[in-house]
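Put the complex together from the two separate chains, hints included.
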Amino acid sequence: MHPEKISLVCFFASYVLALVLELTRLLRSMSLNRWAGWLAAAAGFVAQTTYLIVRSRAAELPPLLSSTHDWLLVLAWLTVLVHLLVALVHRQIAVGVFTLPIVVLLVGASRFVSSEPNPIEEAHRWWSMAHATFLVLGIAGVIFGAALSVMYLVQHARLKRPQSEVGGLRMFSLERIARLNWWSVIVSVPLLTLGMATGALLTWLSRTSPQPISLWRWSFFVSGAAWLVLVALFGWLLTTRRATGRLVAWRTLLAGAFVLATLLTLGILSGGMHGAAKPADDVRLPAEPAPFVRTVAVLHP
Amino acid sequence: MNVRVVYCSHSSADLSVRERLAFATDEQLTRAYDELRSRFPQSEHVVVSTCNRVELYTAQDTLAEAPTSREIADFLAEFHNVPVSSFRDELLEQSGADAVRHLFLVAASLDSMVLGESQIVSQVKKSYELATRSEVNGPLTNALFQRALAVSARVRSETRLAEGRVSIASVAVGDFGKGIFDRFDDKTVLVIGAGEMAEETLRYLQQEGVRSITVCNRNAERAQGLAAAFGGTVRAWDELDVLLSQADVIVSTTGADRPIVDAPRFRRARAVSSGQPVFILDLGAPRDFDPRVADVDDSVFLFDIDSLEATCRRNREARSLEIARAREIIDEETARFMQDLSHKATGPIIKQLRESWHEISRLELEQLFRKLPSLTDTDRQAVERSVERIVNKLLHPPLETLKDEARDGTHHGLLDAIRRLFRITEP
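Read top to bottom, the protein sequences are chains P and X.
Quick note on numbering that gives the first Met the number 0: the first sequence kicks off at 0 and runs consecutively.
Quick note on numbering that gives the first Met the number 0: the second sequence kicks off at 0 and runs consecutively.
Chain X on its own, in the form it takes in the complex (with noise of 0.2 angstroms):
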């Protein structure tokens, strides 16, 4: 079997070149595997494309029917109307195992922007299930790609890889909003400022139920773009105090070059509140928050950049701890994965030659035997056991060659040469 994998991701492509080569939707990706079946019919076919990396699979039974890099380069080019020397030295290959390690590797999120994250185990799934709907996938690809998820789930369970968050948004809220709070979908949300935290943020909470939400900022235009991104309201920014008062999650992103909430201003705002805790999340940076408003009451919660950064970092250390555990996973299935396929292709060959030399050693004995009528039956069991070790010796050293080949990927030529040699027809 080879396997083949011609992609470009986040370590290897800027952003604009992985923007011009992706497949950005799944009716445009349906195009593309028209297009491949088309131009390399005897391959099977997967594309994996996120906004990090654009790869496509490729497995047949022989390298001949291979597309090389080369014809695959071309058809990215073709299909995306981009020059090949806009991208050609940015796309890297690999083959045989080290494709097959690769896609492991991605699909455990070793080969991620943010290690460990667990979108892209369901954006693999995603994309072997298209090409299975697209009928562009084999045997070959189900294989390898059923594998992938299985060692991906395994490197999950196995190791910490994906314990604890690391991005600010996903920590601030998913750590300690949610410690804080049990639902979400009765809470107000103010934010001050309009930054791109601030909208990140919002995604997150918005996953966790949020409906109310108010933004507060000097300028008008940019928080009725956020505001209407969200379904909020926009509220003048002389009304901050009242809003304070009222939030129970403060979202704040300005670019304030010092602090816009001091510890005796928010005092003043809890002191009309019903003291309900409160949530603070100071994205800015200088902070928009002093850290004394932290000690106005005990249900004040404020988080500042830097804490949550440091969770973030502790939790990034945490993972990477367990690199080399997910690695020595995946180099043993890249192992085990690629001795099954030898198996599966050298199996049915092994087995038609020891039929094939065993039936000849069958008749020629029959011959023999009647010959030699006056053999008794326990003379006869010797001869047979004689013949069959003879043919056995004969038969391992060719086929324990094979096998060794087959464990190393090379076995293809002297897989056809005992083919040839030996007559031997595919089953």
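Next up, chain P with everything else stripped away, as it sits in the complex (with noise of 0.2 angstroms):
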């Protein structure tokens, strides 16, 4: 066995093979198709993990600030385990459908985008952590509330209509989704405000750095858009008597895919969340470790 030669290609592959047996549960759900399916994300997940480790032992840094491609693999990991752990205890409803679109999705984007180590100001390493965990813990969070909102409206538009479930598309009902998904915006916008702040701490503090961060950028602002966004539909969420779930859903759903494309969109164009402009074309592990510069790295939406 040999680690290292795990690649991109192989987690991507088992994820959209799992995607493939999750949508042939909507023709007729059965236990082959489904564990089928559970399975193939399941390998993804370990090859992604392995992936992970070896990256993060040939950077020296944790995957969450190695670089922009593996801040975006642990991103689509998160989302993978909690498919799995959902997957395997609610058996009969097909979450896949709504999650491993957005994993296919993160993993595939994640090869256009820088896979140069971030340079690490080592004073303010555990700053720097926590601004990247608030991050994508946040952002995992408006994810998930994205796909929940999916579900909410194809499941709200079967029980409009009305019409039975389709092969094995069983969905949550609609109480517990509006439930989760209220929880999921609920949680993950202090996450994101945290980020938001700690970056702003490392901004601060990089003003004595060789090379302090300017505020006078672009993706910041759009960044700082996205989360007021969040931070809008949180305000309206808490203070709301009387909006119905589909309209959470909506206005949850376009939040969550405005996070998510100003997300990736700023990781493809800029080439990292920092402006490291080198897409990841080798997704193998770089023959050599770039070089260490001590600078603040600060990562946004």
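Hints listed in this document are in silico derivations from the structure and should not be mistaken for laboratory results.
Using N, Cα and C, we set each Cβ at its ideal position, and we do this for glycine too.
Please note that a few of the clues may not be correct.
Stated by the list, open to error - Once the Cα atoms are required to be at most 20 angstroms apart in a straight line, the calculated SDA-like pairs of lysine to any residue come out as:
1) P:K159 - X:D297
2) X:K177 - P:R160
3) P:K159 - X:K124
4) P:K159 - X:D305
5) P:K159 - X:D296
6) P:K159 - X:A293
7) P:K159 - X:I304
8) X:K124 - X:L104
9) P:K159 - X:R312
10) X:K177 - P:E164
11) X:K177 - P:L168
12) P:K159 - X:D294
13) P:K159 - X:G173
14) P:K159 - X:E308
15) X:K343 - X:N141
16) X:K177 - P:Q162
17) X:K125 - X:L109
What the hints assert, rightly or not - Residues on chain X that point at chain P, a partial pick, calculated with CB under 7 angstroms:
18) D174
19) G178
20) I179
21) F180
22) D181
23) G274
24) F302
25) T310
Put into structure tokens, the structure is as follows:
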């Protein structure tokens, strides 16, 4: 077994296979396609974990700090983890139909962003770690909210029509989806706020470093706008009295889609979260780790 | 082996006949088994009695010991104290492979009033268990009923016969209600009217945990009867608007000739509600709720009898497409079961016959070899092989004929003849 030979293609293919098997449940849900889909996703998850560990060791940085490529893969990894757990507990629910497309999108997008290890100011390593962790958890929450919203809207449309469940497309009840959706937003927005705050702190701390970070960058403004959209959704959810589940689902979906689009666009257009403009052409390990530059890293969605 | 079933079901007999012949309680059935055991001591018995069928299965080693359908009819008449003439024409009879196939069809729910319904499996299982407890079954009925349950499971797993709900109330609650609500124990159910459909729907809702039921009907007496049956409360008809604003689930089955709730009225009720999702089952014909009520807001889910019936019909059609495949499985399993049985029935005789002929040839060869001591070992082995081939060739035609007969279930006469011709005693 050679863990270093595991490439992005391995787990990307596993997730695509898992998604295809999950889609066959729309025709007919059987134990066979259910378990085959779960195992394919689990195999991808194991391969992805190994890939992240190997890269992390090579870069001598945790995956969250290593590069934009790794950071996106951690986000996908979290999504797969939740998918596997939910699919195991609720075997009848076709959760993969809603989560696996996002996983495939994130893993696919990670191919086009920078795989250069991020420069880290050693003195602020823990602040950087907190910044990256808050952001990845917050964005994962937003992604689950968006996936749940899609499930809500499909279920809502089925019940309004009304129509029986299609094949094996069994979903959670509207009541449960609305509850989970509400919590995903309520938890993720404070996490994102903490991520933004730690990012601002790191920017301030960088003023005395050789390469201070300027706030006057267009990527900062776009990220800030995405965050403001989520804060607005958060405030609306907490203050509104008669919001229907469908309205909440639409707004969460739009906000989630905006955040995801912002994240991927910034990652791809600027090569990395911090402007390291080298796409991950080589999705295997870099032959030589990038030189370690002592500057402050600031991730932002 | 002889298996026979004498039965009447929903397809052959009226409910009035089935009611008279049914064994309503376990205690009554236990008494019936005692009576059957005393009348037909050589037979094994299993009775399957449900609201849709009364079936009496008997099994025994030989045809001579089998109770005739007339004797079974007499037993039913005397046990239930009804004249034979009142049901004799509605009793059906199957025997051998047909009886086996019939049980497999019943257990797989192909003979049910609602195709693919799951209740029959547990009913067959319960019947078999009661027969076991009463010690009236035996190796033949054990094998038969255990195989029937296995066949039922196979049909369910390999076909879509049991997929999709097919009754209005089950579709309403199972397909749609559970798509809206995660739980029902914290929901308030409002029943408008007190029709039969309301009762059936409330039964399903109670199974899901509903505790708070309010009945609102113009006729207070009927409302009280329904409320008492389900532990609900009765509210006056003029409180309907308030009740509409408080309910999570509304089941309406009035006999009104025009909608009793139109969109403006329901909008007013929603305006003072918390805006929670509301699940409305309009089971009235004509409708009790104006269809435009569904458009009052996003959280109103209105289902009328037509939309529910359309779902039931689609599910029934989907199930009926699976009948041919299910029948194939049952035919295959019936043939396999009969083959297994015939193997069990003829195996010991065939074995004994072979052993006895080979024993005779061995003894004769020993005598021959004593008389011819000059034979070498090679010569002896050649002679032994020739004699063995002769014995096998002589045995082959009668044994093949016996196996063929056994496959068709008509082997009893031939088996008896072989026993007598070759003086084979039962092991």
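(message) Tell me the hint numbers this structure goes against, listed in increasing order.
(response) Number 3 only.
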